[in-house]
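**Student:** I would like the entire structure built from these sequences, with the hints used as guidance.
4 protein chains.
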Amino acid sequence: MTRNKLRAAAMRLFGEKGYDGTALSEIAKEVGVKTPAIYAFYENKEDLFMTVFREAMESYNTYIQELSEEQNMTSARDSLYRVLSRQYEFYQKCPEESVFVLRYMVFPPAFLKETIEEAFLQSDELLTKAIEELIVHGMETEAIRDQPVQPLVDSFLNVMDGLSMQYFYYTSREIYERKLNNAFETYWNGVRSNYN
Amino acid sequence: MTRNKLRAAAMRLFGEKGYDGTALSEIAKEVGVKTPAIYAFYENKEDLFMTVFREAMESYNTYIQELSEEQNMTSARDSLYRVLSRQYEFYQKCPEESVFVLRYMVFPPAFLKETIEEAFLQSDELLTKAIEELIVHGMETEAIRDQPVQPLVDSFLNVMDGLSMQYFYYTSREIYERKLNNAFETYWNGVRSNYN
Amino acid sequence: MTRNKLRAAAMRLFGEKGYDGTALSEIAKEVGVKTPAIYAFYENKEDLFMTVFREAMESYNTYIQELSEEQNMTSARDSLYRVLSRQYEFYQKCPEESVFVLRYMVFPPAFLKETIEEAFLQSDELLTKAIEELIVHGMETEAIRDQPVQPLVDSFLNVMDGLSMQYFYYTSREIYERKLNNAFETYWNGVRSNYN
Amino acid sequence: MTRNKLRAAAMRLFGEKGYDGTALSEIAKEVGVKTPAIYAFYENKEDLFMTVFREAMESYNTYIQELSEEQNMTSARDSLYRVLSRQYEFYQKCPEESVFVLRYMVFPPAFLKETIEEAFLQSDELLTKAIEELIVHGMETEAIRDQPVQPLVDSFLNVMDGLSMQYFYYTSREIYERKLNNAFETYWNGVRSNYN
DNA sequence: TATGAATGAGGATTCATTCAT
DNA sequence: AATGAATGAATCCTCATTCAT
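Here the protein sequences come in this chain order: A, B, C and D. With the first letter of the first sequence counted as 1, position 40 gets the number 40 in the UniProt record's numbering; the numbers rise by one all the way through. With the first letter of the second sequence counted as 1, position 178 gets the number 178 in the UniProt record's numbering; the numbers rise by one all the way through. With the first letter of the third sequence counted as 1, position 25 gets the number 25 in the UniProt record's numbering; the numbers rise by one all the way through. With the first letter of the fourth sequence counted as 1, position 29 gets the number 29 in the UniProt record's numbering; the numbers rise by one all the way through.
A portion of the hints provided could be inaccurate.
A pair holds if it fits inside one copy or across any two, identical chains being indistinguishable in the list.
Said to hold, decoys possible - Cut-off 20 Å, straight-line C-alpha distance, at most; resulting in silico cross-link-like pairs (EDC-like, lysine to aspartate or glutamate):
1) 45 / 20
2) 129 / 58
3) 113 / 20
4) 93 / 58
By construction, these hints were calculated from the structure, which means they are not laboratory data.
**Tutor:** In structure tokens:
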């Protein structure tokens with residue numbers, strides 16, 4: 001119980017204030033426990049952080065994995081849009097995990113640099129593959145103009161990354177949703193075939 | 001002299017390791033001076049940080065401002081592309097400033113949250129206006145299909161933000177350049193008129 | 001069972017790393033038990049230490065006591081030599097007890113200073129008496145030159161103390177045995193009568 | 001100034017209470033300074049300890065070195081006796097250094113084991129050589145019976161080691177001096193020639 | 001302008017100990 | 001007899017900051 005509450009508090013605080021900006025005492029206090037209690041569950045600050053990091057990554061990867069699984073029946077347009085809105089959903093449902101992942105993906109603490117690079121590459125590959133399938137499927141059904149696939153994947157990922165950043169500095173829901181839709185629409189215009 | 005060296009070192013270190021992760025002693029050491037020397041030039045850590053922050057923002061804003069100024073003669077396509085490549089140039093020429101701006105734009109330390117939000121909004125407005133002009137110009141010359149402007153601006157900014165993030169986690173130059181070109185091409189495809 | 005294993009582990013670790021340098025958790029771990037289990041058998045760290053201390057002293061004293069008991073039949077030379085070799089035997093058979101006794105005899109933790117001084121004096125007296133008897137016996141049989149007894153006792157104890165220290169910093173068996181024999185030989189030369 | 005006072009306080013406290021039993025705060029308090037001030041002069045606790053250790057060793061070695069230098073004119077008996085009384089002098093003049101050296105020679109903290117063994121061997125060799133010269137000199141002048149040298153060196157060192165230990169647990173000056181004289185007398189009886 | 005000395009505040013971590021189970 | 005959870009006290013150490021020089 002305490003173990004999990006600690007994990008949750010750590011996720012939130014590390015995400016919000018950074019590794020160095022978060023004192024173990026704050027995490028403990030948030031859980032209603034004294035600092036040394038943390039050491040009953042985690043070896044040290046790094047260990048707590050790593051545990052949280054792994055959990056956040058897993059949570060994020062799970063969400064990505066599920067993309068490939070539900071793609072099937074829907075149109076390419078819908079399923080690509082679905083990717084963006086699922087990402088948005090994830091940010092809303094798991095704001096702590098999201099901030100955490102984003103923060104440490106881009107600005108890992110020194111001791112995590114390598115681990116994170118690996119985790120990132122792995123995650124990136126998964127996502128790339130999922131998007132690729134959707135796009136290929138779109139070409140097969142002629143929703144997307146026939147053309148080299150990689151550029152379309154690249155630019156879709158670019159849209160996603162852009163939306164990631166923007167989620168965190170446009171706090172207004174409406175503005176974000178507008179941006180999401182507009183970004184997607186332009187992307188779709190750029191890739192779709194002229195038949196529909 | 002020392003004052004400037006301190007600013008530069010602070011820029012680099014605050015950017016790389018974060019506000020809390022950077023000790024004044026590290027900054028001093030990088031400059032070859034003892035910690036208390038810092039206090040001859042800056043009131044305290046926050047002051048040093050703020051100075052650096054203002055400088056980075058100014059550097060970034062200058063680069064944006066210049067966008068509007070040189071837009072004129074070239075085609076809309078070229079000038080939009082120019083925006084992306086200038087951003088890229090900025091990242092390459094001023095990597096310290098870039099990391100710094102990106103980091104504190106997205107993850108400001110608590111005491112800076114408000115200041116940064118203002119600075120961000122201001123900067124964002126500048127950029128938005130500049131892009132808007134380019135796009136309107138593009139429509140006037142019929143390079144861009146006639147349509148509401150805001151969505152095109154939104155999605156261009158989205159492309160830019162995406163490229164920002166990607167610059168920091170795709171370390172390979174080639175990959176990044178490919179991604180930049182692909183993102184732009186898709187964007188352009190999505191907005192251009194069918195005449196060219 | 002556990003009680004004894006704890007005692008043994010404590011003996012070894014307190015002897016090797018000192019009172020302050022040994023954490024209860026180490027002792028527990030060596031026994032394969034969690035720290036609080038110690039409190040089922042011992043009141044606290046001091047109590048455990050004292051128990052161990054008493055045991056080590058008893059073990060040491062027993063060995064000394066036995067000296068007097070077997071002295072009888074043999075020649076003075078042999079029985080004095082026997083004292084040194086029995087001390088050596090003790091070090092080899094009970095290395096933990098030996099280190100422990102030596103360490104806390106010379107460097108008792110503050111809270112034990114008085115207790116240990118008493119224990120030491122008592123032990124010293126026992127030993128002194130035993131040696132004295134051997135020497136007197138040696139004079140009676142004219143193996144040892146007739147002369148005041150105390151100086152001979154003093155210097156024999158000095159030889160013993162010297163060998164104690166040396167045992168702990170000359171790790172090589174051979175060197176130690178050589179030193180033992182040489183020390184004894186010189187001593188014997190210094191005290192023996194000229195008849196043999 | 002503070003640096004030296006710290007060294008002195010550390011010498012005393014480390015010697016008296018052991019490495020783990022001595023808190024930096026105690027050392028600081030003895031000097032009339034707050035704990036962090038220590039870090040202006042020493043890297044950390046180990047560094048302070050090592051500095052003190054080196055100083056104590058040097059002090060001890062110097063004393064040994066001087067033995068060889070003044071040996072010349074005096075009789076072998078006098079110069080050997082001189083060694084013991086100089087050792088005694090050293091204990092009295094530099095009680096802190098003495099306790100320190102003895103304690104860590106016999107019971108080094110784990111992180112010092114190797115360093116100390118080296119230091120010890122080196123010191124031991126110096127001393128051995130010095131004693132050897134005195135004894136050889138004694139044989140040349142026929143004060144000492146002609147015989148193999150090593151045993152006489154061994155047993156003299158044994159006497160010295162014995163007196164080391166005894167100095168620390170016989171607190172009475174008179175008793176110690178008696179023991180010193182008696183030990184020496186017996187030793188000398190054991191080695192001297194019969195001519196004098 | 002720069003430094004050495006010093007400090008208060010705070011941070012991670014260890015440890016002996018307690019208590020409910 | 002043994003453990004998991006928790007804590008108070010203390011330890012080493014870092015850091016921003018001050019001040020006299």
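**Student:** Evaluate each hint against the coordinates.
**Tutor:** Hints, verified against the model:
1. 45 / 20: Both: 10 Å inside a chain and 15 Å across chains, each within 20 Å.
2. 129 / 58: For residue 129 and residue 58, the Cα distance is within 20 Å only inside one copy (17 Å; across copies 40 Å).
3. 113 / 20: both (15 Å within a copy, 17 Å between copies)
4. 93 / 58: Answer is within: at 15 Å inside a copy they meet the 20 Å cutoff, but 36 Å across does not.
Going through the hint list in order, the structure satisfies each hint without exception.
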